[in-house]
Structure formats: structure tokens, C-alpha cells
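As a plain string of letters, each chain reads:
4 protein chains.
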Amino acid sequence: MINVALFGFGRIGQMHGENLFKHPKFNLKYVYDKDIKLAKKAISKFKTTVIKNYKTALKDKEIHVIFIASSTATHINFIREAAAYKKTIFCEKPLDLDLNKIISCKKYIKKFSPRIQIGFNRRYDPGHYFLKNAIDKKKIGILQKIIITCRDPAPPPYSYLKTAGGIFKDMIIHDFDLIRFYLKNDPISEVFATTSDLSEHAKLFKSVKDFEIATVVLKSKKGVLCTINNARHCTYGHDQRVEVFGTKGMLISNNKRDTEIELSNSNGSNLKTKLLNFFIERYKEAYYLQLHDLAGLVTKKKKPRADFNDGHQALILAIAAAKSLKLKKIVKIN
Amino acid sequence: MINVALFGFGRIGQMHGENLFKHPKFNLKYVYDKDIKLAKKAISKFKTTVIKNYKTALKDKEIHVIFIASSTATHINFIREAAAYKKTIFCEKPLDLDLNKIISCKKYIKKFSPRIQIGFNRRYDPGHYFLKNAIDKKKIGILQKIIITCRDPAPPPYSYLKTAGGIFKDMIIHDFDLIRFYLKNDPISEVFATTSDLSEHAKLFKSVKDFEIATVVLKSKKGVLCTINNARHCTYGHDQRVEVFGTKGMLISNNKRDTEIELSNSNGSNLKTKLLNFFIERYKEAYYLQLHDLAGLVTKKKKPRADFNDGHQALILAIAAAKSLKLKKIVKIN
Amino acid sequence: MINVALFGFGRIGQMHGENLFKHPKFNLKYVYDKDIKLAKKAISKFKTTVIKNYKTALKDKEIHVIFIASSTATHINFIREAAAYKKTIFCEKPLDLDLNKIISCKKYIKKFSPRIQIGFNRRYDPGHYFLKNAIDKKKIGILQKIIITCRDPAPPPYSYLKTAGGIFKDMIIHDFDLIRFYLKNDPISEVFATTSDLSEHAKLFKSVKDFEIATVVLKSKKGVLCTINNARHCTYGHDQRVEVFGTKGMLISNNKRDTEIELSNSNGSNLKTKLLNFFIERYKEAYYLQLHDLAGLVTKKKKPRADFNDGHQALILAIAAAKSLKLKKIVKIN
Amino acid sequence: MINVALFGFGRIGQMHGENLFKHPKFNLKYVYDKDIKLAKKAISKFKTTVIKNYKTALKDKEIHVIFIASSTATHINFIREAAAYKKTIFCEKPLDLDLNKIISCKKYIKKFSPRIQIGFNRRYDPGHYFLKNAIDKKKIGILQKIIITCRDPAPPPYSYLKTAGGIFKDMIIHDFDLIRFYLKNDPISEVFATTSDLSEHAKLFKSVKDFEIATVVLKSKKGVLCTINNARHCTYGHDQRVEVFGTKGMLISNNKRDTEIELSNSNGSNLKTKLLNFFIERYKEAYYLQLHDLAGLVTKKKKPRADFNDGHQALILAIAAAKSLKLKKIVKIN
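Residue numbers (our numbering), protein chains in the order written: chain L, 573 to 906; chain D, 573 to 906; chain H, 573 to 906; chain P, 573 to 906.
No lab work stands behind these hints, which were simulated from the structure alone.
Possibly wrong hints are sitting among the right ones.
One copy or two, either will do: identical chains are not told apart, so a pair holds if it fits within one copy or between any two.
As the list claims (entries may be wrong) - Result set (EDC-like, lysine to aspartate or glutamate): computed pairs, CA atoms no more than 16 Å apart in a straight line:
1. LYS904 - ASP670
2. LYS846 - GLU832
3. LYS856 - ASP830
4. LYS901 - GLU762
5. LYS617 - ASP879
6. LYS658 - GLU857
Predicted model, so just to flag it, every value in this text is computed and none were measured.
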């Protein structure tokens, strides 16, 4: 059994807690959250120990994995410390909002040869991963186009938005990462972004200097064109589609629903239910599947699909997108 | 150009008139209907001549085709006369409601070696025909199951129902024929039928000793099981599906719509428009395509997909189904 | 925590074991299988105790639930004993192949007022259950038609078939039950069945006097027509569709897949992956969800969706179908 | 009957000829093509008169409509002359490749108050038009996003490409127009374009300084973001999808096929046939439907959905896209 200390017990921390609890290979030994009251929920739920000081986990030689699901601003420090303690690390995205902090961390931890997995869960979605495999096997010939649609069901609250880092670093970072996953050794060379706010939510987004909808276009060195179509509201659920197009064909990883119901009546035909509501439901399977790789990472038998560098590179693209938006032109990536 | 005399100018006659008018190989020379006022609509619409006596058409040596779209009761006599005049004949389904009349007609016309095409339009639907070809080419391996769904959008009026001959002879006859088309040389050996009326229309159907919904199960000599699911009302349009299942796979000929629209909103996702409303819209293409074979039949270059015998055999199955319903058991066909 | 003793550790027993192990409300205290070697697999897998004599579980006052997943022939005796010990009982379908044994058991256990849930898992499938709710809420108006398709991916081996009781009692019993679930207080009054074997598997089925494909038609007292289309092979996975049709519309509970991938290339467009392979994958969620009701049954707070009587009634329909097949006519149910 | 003279009898001219011939309101009196041999095909096909000098048609007072389907370079001159003769004009897209020629033509013809319809056929596609109506009726709330996919089945030959004016003026001009149709009174204010060639066709496109795939992003004055995803090859047919997204929902106008066939076998499930092959098949209905408006235009009773100004504006966007591609930044439209 692999002993895990979970840092952060908010919404996403609780979900990871449940997965770790259910997973046959992991033992959720500790839960830490600076909100001790919140952390205590874990005791009865997952039969685990709540620690007041996260260092308890770092110092415990039986702990194999530090699982970081706390707020973004705390990620880098936890990584630095956990790396120094030679722990295997899982860290939620984004690594940080500040590129310099990431770069200096990278330098610092290098000497520890750390084993780090980043929580880019979409790489573990069976549908999206099917596309990855098909591209690698040339099932659609030469890859030419990647189109991602990502629409969240409803805007986050003001409290979240004001520290989230903006639509590129907070939300579209998943799409940047997925595109990098598909492109493999062909790096992004050009980024263009444009945004808009024209609904009743416009005020909210303007108040935090953020945006409601965005379109990002990327071009890889080889010439693959990538389009990202995002929105922060969606009446029919969490719209998550990926399309890859090549010289021999096209593949879509389409939306998921609770049931495969279809209703036909005088209003029309074959109405399906709304899409799964949000990322926790939509990527439930992916969140669980990524734990298999984490188990392999502990024993050094397996590389995770996303590592520290992937977290770093995705942020570079997010920053380039924000710059392109400001300059109204293409931003080149070296 | 092939000269045609169209007998019958009701709803279906008018549709045939338009197709003949548009078709490059046909010249709609005459239109006959016992309701002369109705027939006169054709003059301006299709630049044709309306005749008061149908014999005018039979006697006209320039007429190649007698196209029978009049009421069912008139079919057999028109066929008899047209055959004697050596005309090529197109006749709408059903041939007649009385099997004896068909058998005696068959004997009578034999000496004229008549060229007769029966209006089993579904054989010409591109989707349904795709299945026929696929079955013949063994694309689904050994055929084991045929399932047909046929739901009309709304019950016909009392006036129609009282002379239509009942659900088996009037409506399901199309399904019997389609099954025979798919089975080719493997004849139906057993028929079972059951019906029901349990909606607000029950009274209407009971008043004409007819039925609102029906299920018919047929078994071929080789052992193919066929299920027909019919209803005389359908809130979402004209539901027309055919499924064929075999040892190597399954093929569906699915419903058709006006547009390929899909609406997603807070009520659900990917709502399509209602199905095409009724047979005239649904089988528009099929009605037109069957004229190609009719043109070929005139020149003896082509056999139509459905002939007099097909009309005869379909009625035998309809009568067997009615008998099975009464006896509550399987009726064998020799 | 609810303490459970699991009887039977074959394929389905192991699946139930895993669900019970993962479920927060259950503690899998004992596993019993007459094949002790097989049962011992459970020790490391589910940290449970393997018992050599099933009576150990019955006599243990801490055991709340006897969970019967052993071979069909053992069901009735286990139920009798567990009822006498006042245990809550879960029993896999079918109850037994012999109606008399069921009836005498029913009489015997009556005095113990037993709490029994039958493993008709399809009642817990979210899609199929959506239909149940929609019917009850009259979303499709008056229910008129139920059509179930059930095709297993591949024929079971000879060893299974020879004791399984035939296609009606073993396989279609699920469909009979689902129809009864949808019909609620409207009992089946007529049963008709026909079967066929015409593939390369025909020999296998004939050797055990069983059948490869079957069509069953049922009619309820009110007049709902129900069609069941089954096959014991299917090249594209486990085909599981339910369609309900009424005066106001139609609902389909469609097939499920691993991913929502669609491939378009020169062979055609929007090819999806094969269906989930078999019942364990297809009804994974249903198998887990039925445990919630079992937990409620222990505390008498909840009735399960399927009880002993449902197991009894489904077998009556299976026997009637077999009789209809022999007599080639409708069999009436009182 | 409306008398028409058709100029140009190449592929698209022949298609228009057939539609005019079949349409009840039009009489195809003359066909003109500088390739007289080609034009003569029309005589037997459409029972029409072939003229050697197009002026014959202009001078004939019985001619109501000059229908221009000749090569792009000839459009403007034909429009000038036909306008001077007070004819109703139908002209294929694009008006011209040279903006100045369009502007000077616009000035010249103004005095004749010409009635001109431009062949932006997609405005007449029932699916795409359904979206237009739904947007206008606020069925998806505030429009925020338009996404168009347009992939041609195969690259045109070198001979066509070298004079076609490039992907923006020749192909994407349809998409620019459709977006303008949906946006109505909200003009495009920003254009961004990027292209790529990375397949075996790259050489061909480079030889004519054109591109194989392109992505264009437009922003309207109100803030609607529009994405166009185009490719000049597509193994599965003519991929034509339009998606519109708003605050209350999303609508897709999806692809069309010959039949609604779905094949399931060991390779996967629900494989549909390839998409309709190219624009002539895909927009068959649209090409015919636009003639209704042309008939109305002759009698001044109806405005066509696309007029001279729409032809002009679409070209402005095409030129802006080409400029953006060169400058690698947003080009503003006044």
C-alpha cells in the first residue's frame, strides 16, 4: 500500500480524497488543510488522520506521496519541500500563476530528481486519450487541425475569479495542455487570442479584468492549426469536445451524459439529457485513472502523462495568449 | 419520350402527376379521374389533357403507360383492360382487397405477357435499398432478424378507414412487401399478429373494426424472424425504421428529417426536428426513383423491383395476419 | 456498517464482492463458496474471511445480509434458511428453474416476513429507470408499446447452457421483469414466443434443446403490446435497447460505450466504438446502485425495486413463453 | 413564365440550367457560353436556344432574367450591361476578385436601380437558414459565437487554383457571407487569419501561392466571436457544419448524407455513410430554393437573401483575411 498525505480538502481535494480512499493501491494516511474544521470532515468519511501541521507528513518516513490539492498560491512551496523530502508528488494544475516562481522552483528541485505528476486530468479521459493514440498511430494520417470546445456550465463566483489568474491561466490551461499532449514533439510556435463579454455576466468579468468567452488559435512548428473555443457559461451542461483532423480522416471525442436517453414528441425528436454538469462529473473516470500512473510513479515503473515541465509549458502558452490579446497580434513562442 | 395516361388524381395521383411531369423520360399526355373537376386541376399544373372516358387512353396507340393511382377497388379492372391493350402498367398498392379477384386477374392477363410494376415505393427508398444490397452481399453475414417500425403521424379519417381494408391490407402491406424483398428466395412460412387500441382513438378504430397499433411476427422457411411494430399515430412524425441483424453485424435504415438541426439548451441536448411528416415527404425520393424502372419496363430493358406477383403475395400475408389475430395462433403459409 | 455474507464467488459473485467492498455502507464479513480454493481469492482482494460452512454466516448474529450469488439450483434453499434466521436476503436471478419450488418456498418463508431483494439489476440502470419514471409521470401519454432488444456478445459455453434452463428462463427473464416493472399494475395477460437457430452456432443450441434467437410478444391486460428481440451473439457488443411508445411520444434508453469517439474517414462517417461488451460492464452502475436499496431494506426504510414475487412472476412468463413456442399459439396468463 | 438567359454552361451553369428547366416559374429561353460546343449540350437537355452572342439575350425584350454563371472575371461586365438593359440579374459568387471593379460597378449601375441576386446559396440551405431564424427569434439568447467548418472533399486542379483568387476569395467567401447573414446589423470589426500546408498537397498549393487549410477568426462590433475552420481535402465527403452559441443555448446545422444508414459490426458501431460529396450534392436543395426568391425579385415582390452589397462586403472580409495572414495581426474593418 502506498501511503498518501493529501494537502487541501476543498472541493477538488475531497474528490481526490474519495478516489484515494477507494483505490486498492493507496492508503490515505493524512489529510491537511489550513482550515482544520474542513479537514476534519475527512476523519469519518475516509477513516484517516487529520494533521495540523503539514510538516508532520513530510517528516513521516512512511509517507510515499504528497498529494497537493490546495490553493494555487501554495503549490510551489509544497513542491519544493516535498521534493527535498524525496517524496513522490502529485500537484493540481496550474503549478502557479507566476512563471518566475516556476522556473526558480524547477532549478531548485532538480538536484532531488523529483517524481512529479501534474493534475492535467484530461490526458486520462478515455475518449480524449483514444484520440492521442489514434494520432500517434497515424489513423487520421498527418495531423493538421485540433479543435477544442470547452464551455463551463456557469461562471464561477467573484471570490474565485479574483484570484484565479484569468481565463487563460485558470481554464484554457487545460486546453493548452491537451494540445501539447496531442502534438507530442511538435511545439507550439504561434499564439493568437481574442475574447469577448456580451452577456448579463459581462459586468462580473469586467470587475475582475477577466473574460466570458475566448477563442485561441495556435500554430505548431510543423504547421498544425489549433483552435480553442471556450465559454464560461453553458445552459446544457459542461460542453467538452475535441476534434482532430488529418489527411486520412477525422476523430471526435464527444460529450458524455448520465444516460443514453432519447425523447421524441411533438417538440422534436431524439432529445438527449443535458451533458454531465461539470468537470468533477465529466472527468470522474479520468481523475480516478490518473491514480494508476501515480502508483507507478512511486515505484519508478511508470512516467505520468503530465509532469512538472508540462505544467511549466502550459503556463507559457497561457501567458502568450494574454499577451496576444493585448497586442492584437500573433505572439511567437521560441 | 414515354407517353403516360394517369388514372386517379387524388392525393397520391397528384404526386405521381408531378413526378411524371418533371421526369425527363415521361410525357404526361392524359389525366383521368371520375371526378372530372378534380382532374381538371391537372391542365394548368402539368400542361396535360384531361379525358372524360379512360378508354380514350387505352385506345390511343401513342400511350405507352397506364398509370393507375385511382381507388383500390378500381385497380383490377384497369389492369385487366390495360393488359388487353398491351400497355405497360403501373399500379398503386394494394392490388385489391379480395384475393380471388387478384387470382382470376392473374390468370386472365397471363396471355398478354403484361409488363406491370406495383407501387411498393419503399423498395426504392435509398436507405431501405442499401440494406437490401448489403444483405445480398452478405455484409451482415447470415440474415437472422428483420425489425420494421412504421408509425403514421395521425389516424386517417373515418371515411378513409371504412373502405381501406384494415391495418394489415392497407398499412402493414408495405412492411410485408419490404420483408419479402429482403428475404428474396426465402418465403414466409409462419405469421402471427396481435393488435390493440387503448388511446383516445380506440372508438374510431372500433367503429370500423380496425386497430390502432399492431405487432406482427413472421418466420421464413430458413428461420429468419421478422417483427413489425406499427402504430396509426405518432407525435413526432412518420417513424420509419428498418433494422436487419445477422451473424456478422447489424444495419439500420433510420428516419429522415428536413434538416440536420440539433438544439441544446436547459431542457436537454441535441434535440432534432420532428421526422418528415408522412409518406409523401418521407418517400419523395423513392416515388421519383421508381419511375426510372418504369421507363426501363416500357422498353423491356429492366424489371421493376415489384411486380404483380409481389402485390399478390403481400396480400396473402395480410390475410394470414388477420386470420392469426382471430385464432390467436400462428398461421402457416404454404 | 452492514455486515454481509456473500454466498458464491464465481464471476458474478466476485463482481458483487467488489461492489460490497467499495460501498461505504457494507462490510463484507464472510465469503462462502463450495469451491474453497475459489473463495480464498477473496481474502487478499477484499480483506474478508472465507468460511467453509455457510451455516457459520447464518448463525453469526452480527451478519445482517445473506447475499446469494451461487448457482441457481442453490438459491431456494439458501433463501429458506436465511429467512428462518431472519436475515435480510439478496438473491440473484432466477430464483429457480422450477416453479413449484418457488411456490412452496414462498409459503414456507411467509411466517418470517422476510426482507428479500432479487437481482433484477436492469431496474437500477439509470437509463432504463429514466423510462420507468417518465412512464409513471405520463411523459409519453398512455403507454402503448414496449420494445426491448437484448443481444449477448457471444453464446455461453456448452457447460453453462446445459444447466441454464433455456433462453426464456436464463436470459429473457430480465426482459420479462423489465416489462413488468414498466407495466406496474397492469399484468401481462398473453404471451407468444418464437425462436430460431440458423447460424454456425445452431448445432450447439440444438444439442442442449435451446435456441439462438428469440422473439417474444406480450400483451398486457390493458392492451400494451410488448416485443422482445433477443439474440445470443452480437458482433458489436452487448446490444441493450429499450423503447417505450405512447400517445404523446417515444423514449429510447440506448446503448452505452466506453468512450464517445466518432471516426470519419474514407470508409464512412461517425463510426463509434463497439458497445460495452457484456452485462458486467454494461450494468456496472446498476449493480452498484442496487446496493443502496439493499442497505435501505436492512433498516426496513426502503423497499427494493424487485422482490421475491417479482422473481416468481418473471418465471411464470418464461414458462408461458416456452409453452407458447411448443403450441405455436398465444398462452394466456391468469 | 419568367424568361431566362443563362450565361455560362460549365459545371455550375449546367446545374443552374437543370434547376431553371425543372422550375415551374422559369422558362430557360437562351443559353450562352463562349465555348459554343459546350453550350450546345443544352439544346437537347433543356429544349432551349443556344446563342452565339450574349447581346441577343440583352436585346430580347422578352428576357426577364440574366443568369450569370460564367467565369468570375466576366461577372462585372455582364452585370453592367444587364443592369443597363434593366434586366433582373442573378450572379454567381464571387462578384469579382478586384474590389475596385466592384466599387466602380456599384456606382455605375446605381442609376438603373438594378434588381440583383448573388449566388450565396448557403443562405438558402434549410438547415443553415433554420439557425438564422432561431438567432433572430432569440432562441439561443444573445448570440456569442459562430463556428463554421467547411472542408472540400479534394483539392481543385492546378488550372482552377491558379485563377481562383486564393482560399479566402474563392472558398471562405461563403463562410464570410454566412456569418454576415447571421450577424445581420452587427458588422464585422476585426479579422484574423492563419493558414498552413502540411500534407502531400502542399506543393500544389505553394505553386499557386495558395493554402491547404485555414483558420479565420472574426469579431463583430457587438463582440460576437466567429471561427472558420476550413480545409481543401476531406476523406469523408464535404464537411459542412455550422454551430451558433448563445446565452440560452446552442444550435448546430449538421452534415447531410444520402441515406440514414448505420452499420454495426466487429469494427465498431453505428457507422454512417460518407457525407454528401460536394457542394452540388450538398446544397442541391439550396440551389433550387434560391430560385423562388429570384422569381419574386423579377416581380419586385421579394428581396433576395443576398444582393450586390453582400457580394461586395464578403470580398472586403476576404481581402482583410489575406492581409491579416501577411501581417500576422488583427486587421480592423471600418
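Hint check results:
1. Taking identical chains as interchangeable, the C-alpha atoms of LYS904 and ASP670 are never at most 16 Å apart, the minima being 19 Å within one chain and 33 Å between chains.
2. For the identical chains of this complex, LYS846 and GLU832 are neighbours both inside a copy (10 Å) and across copies (15 Å), given an alpha-carbon limit of 16 Å.
3. With identical chains, the CA atoms of LYS856 and ASP830 are at most 16 Å apart both within one copy (12 Å) and between copies (13 Å).
4. Within a single copy, LYS901 and GLU762 get their C-alpha atoms as close as 10 Å, and across copies as close as 11 Å, so both meet the 16 Å cut-off.
5. Proximity of LYS617 and ASP879 under a CA criterion of 16 Å is satisfied in neither setting, with 30 Å inside one chain copy and 31 Å between copies.
6. Neither within a single protomer nor between protomers do LYS658 and GLU857 lie at most 16 Å apart by alpha-carbon distance, with minima of 29 Å and 39 Å respectively.
Hint compliance for this structure: hints 1, 5, 6 are not met, and every other hint is.
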